[in-house]
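Participant: Listed here are the chains, written in short residue letters.
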Amino acid sequence: MRKGWMFLVAGLLVMALLFAGCAQQQEKPAATPTPTPEKTAPEEKKEAQVETLYFGAPISLTGKFSKEGQMSLWGMQVAAKWINEVHGGLKVGDKVYKVEIKYYDDQSNKEVVQSIIERLAVQDGVKFVLAPYSSGLTLAAAPIAEKYGVLMNSHGGASDYIFEQGYYYVVQTLSPASKYQTGFLDMVKAIDPEAKRVAMVYEDTEFSRSVFSAAKKHAEELGFEVVFDKTYPKGVQDLSPILNELKATNPDIIIGGGHFADGQLLVSQLADLKINVKAISILVAPALPKFYDALGTRAEGIAAPAQWEVGVKYSPEAAEKLGVDYFGPTQDEFMQMFKEISGSDEPPSYHAAEAAAAVLSYAYAIEKAQSLDPDKVREAMNDIEFMCLYGLWKIDPETGKQVGHEMVIIQWQGGTKKIIWPPEAANAEPYYPIPTWEEKAQGKLAVK
Amino acid sequence: MNIARYKPLLPMAIIYAVLIVIGLTVPGMWQPIAYFMFYVALGQAFNIFLGLTGYVDFGYVAFLGLGAYGMALAIKNFGHLGLIAIPIGVLLALTMSILLSLAVGAVALRLRGAYFAIATIGVNEGFRYLLEGVRLWGGTEGIVLSGFMRKAFGREMTNFLSTFVSDVLVFIIAFAAAVITITILNRKMGYALLALREDEDAARVMGINVTKYKIMAFITSAGFAGLIGAIAWTLKLTYVFPEDVFNIHYTVEAIVIVMLGGAGTLLGPMVGGLLYGIMKYYLSVVFPGIQLLILAPLLIITIVAFPEGVVGYVKRKAQNTRLSEYLR
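Taken in order, these protein sequences are the chains called P and C. Residue numbering for the first sequence follows the UniProt record's numbering, starting at 1 and increasing by one per position. Residue numbering for the second sequence follows the UniProt record's numbering, starting at 1 and increasing by one per position.
Check before you lean on any hint, since a few could be wrong.
Straight-line Cα separation of at most 35 Å, DSBU-like style, residue types lysine-lysine; simulated pairs [stated by the list, open to error]:
1. Lys230/P to Lys151/C
2. Lys151/C to Lys401/P
3. Lys217/P to Lys151/C
4. Lys448/P to Lys247/P
5. Lys76/C to Lys230/P
6. Lys216/P to Lys76/C
7. Lys147/P to Lys317/C
To be clear, the hints were calculated from the coordinates, so they are not data collected in a lab. These figures come from a predicted structure and were not determined experimentally.
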């Protein structure tokens, strides 16, 4: 018995040593991943040398964001592959850099994120970091990134407040929360100037609150009248009292939602109470295929904002029309490379596209700045505007907030998810006004 | 006061000194060490209650959360006065967590064993829903301080506070909790708690006021949790969200750390916290994605190999040797 324990102890020690050894071995080659060109390039060799440039990333491979984390990692790897193989590497001066993603698992955990950012910045010498997934983790990482002066590009932190704290080195690639429902309002305004009365009913979470306070402001600017504005708590089981109140205000359009379960409940109870309006846009839920599985024809015509969707039409031609560069793989190339890298038939989610866009924006800015200095690249980012598979990329120079990218609006039409807005990304016409619940119950679909 | 009885603090002080030296000299090791120390401090604070009384408090993180809010409110309201806001925050965090522990302790400590554990789970969840439901202190939107602190204290100062000062303070909190632990162990209170942990009824019959000592240990432990929340959470991360801070996950981690190192021992939480933190960090760096599959068996093996915790085991082995003076 005693001996057995000794073996266990010894085994543990060996493992510990092994980890320490592995860790050190990893550190050595990575110690100078971004060598300063003057020092390492021998004078004699004038032809382009290929060196490796690491983009660092804390990825949530385990914990509550593991699904989103895995998708983002694949997206980043696709973008790196495109840069290396199709674009031919990053050309800075007379040197060519191959891009590689150096990632560690942050376990969706704040404490780990901070350590990993420091490790990337100091031990791995990474100058360009892709922010962790979610606004909370991004906020936890920001002070450390700022301390070491490394750039951090947010591809999964949508909240506006991250960019209101005065962090210079933090920039954003995805649309901020404040823009989630504004595109839908623009769309309704463009189709039907008669629709005036907006009802808002949404989950009481930090995220939904920032979405809908911005939506309210935007609606009022567009001349809508917000006739109903109420929240429901997280984990709600019954929305009928609040929806009865809503019904009494007789709205033209409804915007609302929060997460999946409440979004689905919201739509099914709107159907039960026969609250008919001209258009409905719900956060998150309708963007997922299981929404239609759960609701069937009741989901017809329901719209939702999405950061990106398989089938968007952003392309080199669309970019040319707008007079901006197109950079990165086309939609088809992206789908194919994604399949190769992920090794599965699972289609990419928007998390993959936004992470890829973040990598592409670094690459584009580095080539524009012709420098690997984070300060120069950050400065170059102020002026660049380009399109990639994910849409436009342009930041507000002051805050680093994304202002170029627009949310796409999807709508369920005849059992498929169609992209209806903005026009340059759309693959279908909006179906407006949507069929009434009675019509849907008789099997009417939102197809012309 | 018998100095010899404080000898076990020596190995601890040496280990902390080594950690600080490593953190300051090895590039990129400061944050990981701060991260290990967060676990050490959490374990050390929780040990005062769990380790000494044998009661499992599943709502422990509520004190941490309240402490975090105490500091956030102090910075928000007194930030314009300058850095004085931070000591005010520490006091506020202490006061708030101790008040809550009085309220919880008065009710829940009348229960025993599993019933106590069940009663305390509610405290944490209840608090979170209270904040969110009543929209108290920012409700679901929490309190985000980074920008405000940068305006109030300056950019450099804020960076210094959240990436250095807070980490050093965590060392101090962990050490202070250890000093309190050994003081309790050396006094009548320690013997009373030992008696109550082994057999509460017998202790009561012997004339020990078990409720009094339980509540004392509970309040002390909760106060330290409040300090950890104020320093390692708010000052370090510069924001508080109710959902993140009142997360039962941290309670579970604290229990694992105390058990791993040895409940009721002085050095146990330090060993447990370091083991847990180091395993978690290096596994996520070396085996990103599958580290939990490795971490879980490692934890199970450790617990099976050392049922009384690592320190408990070493202490038993070292009995009657000169080493035993330094182990507690």
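Participant: The structure should be examined with respect to each hint, and the outcome stated for every one.
Facilitator: Now for the hints, and whether the structure bears them out:
Note on lysine 230/P and lysine 151/C: the hinted pairing holds, with a Cα-Cα distance of about 34 Å set against a maximum of 35 Å. With a C-alpha separation of about 20 Å, the suggested pair lysine 151/C and lysine 401/P falls inside the 35 Å cut-off, and the hint holds. About 27 Å separates the Cα atoms of lysine 217/P and lysine 151/C, which keeps this hinted pair within 35 Å; it holds. The suggested pairing of lysine 448/P with lysine 247/P holds, with an alpha-carbon distance near 28 Å, which does not exceed 35 Å.
Taking the CA atoms of lysine 76/C and lysine 230/P, the gap is near 28 Å; set against the 35 Å cutoff, the hint holds. Our distance criterion of 35 Å between C-alpha atoms is met by lysine 216/P and lysine 76/C, whose separation comes to about 27 Å. Among the hinted pairs, lysine 147/P with lysine 317/C is inconsistent with the structure: their alpha-carbon atoms are about 46 Å apart, more than 35 Å.
Consistency note: the structure conflicts with earlier hint 7 alone.
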